[in-house]
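Working from the sequences, and respecting the hints, build out all of it.
Sequence positions in the sequence shown follow this note's numbering and run 17 to 87.
A portion of the hints provided could be inaccurate.
[As the list claims (entries may be wrong)] With a straight-line Cα cutoff of 20 Å, these simulated SDA-like cross-link-like pairs (lysine to any residue) come out:
no.	residue 1	residue 2
1	51	18
2	80	39
3	22	32
4	67	51
5	22	38
6	22	33
7	85	73
8	67	17
9	67	79
For the record, the hints were derived by calculation from the structure and aren't laboratory data. Being a predicted model, the structure only gives us computed values, none of them experimental.
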Amino acid sequence: MEVGVKVIRENPCNGQQIEATTAYLTFVALDQDKKPTVVPPIQPETEEEIKRYENARLRVQARKELLAKCK
Numbered sequence: 017m018e019v020g021v022k023v024i025r026e027n028p029c030n031g032q033q034i035e036a037t038t039a040y041l042t043f044v045a046l047d048q049d050k051k052p053t054v055v056p057p058i059q060p061e062t063e064e065e066i067k068r069y070e071n072a073r074l075r076v077q078a079r080k081e082l083l084a085k086c087k
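Set out below in structure tokens:
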């Protein structure tokens with residue numbers, strides 16, 4: 017599972033907020049024996065969810081291609 021994180025900093029004097037950074041974190045579901053396990057697939061429904069899901073799929077594909085080049 018991939019989770020997007022956006023960090024916003026705020027100036028305490030005037031309340032102005034600015035995006036400081038973004039990141040994508042990858043998590044792996046583990047079973048009781050701490051082995052990777054399958055989870056039910058997510059079904060994106062809204063246009064925004066579909067867009068984010070497709071972008072994540074492309075990032076996964078790019079990572080796999082990069083790893084294949086390293087072998």
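Structure-based check of all given hints:
1. 51 / 18: Roughly 18 Å between the alpha carbons, so the hint for residue 51 and residue 18 holds.
2. 80 / 39: OK: residue 80 and residue 39 at ~18 Å, within 20 Å.
3. 22 / 32: This hinted pair holds, its Cα atoms lying about 16 Å apart.
4. 67 / 51: violated (30 Å)
5. 22 / 38: holds (4 Å)
6. 22 / 33: holds (12 Å)
7. 85 / 73: Cα-Cα ~19 Å, so holds.
8. 67 / 17: Within the cut-off at roughly 16 Å; holds.
9. 67 / 79: holds (19 Å)
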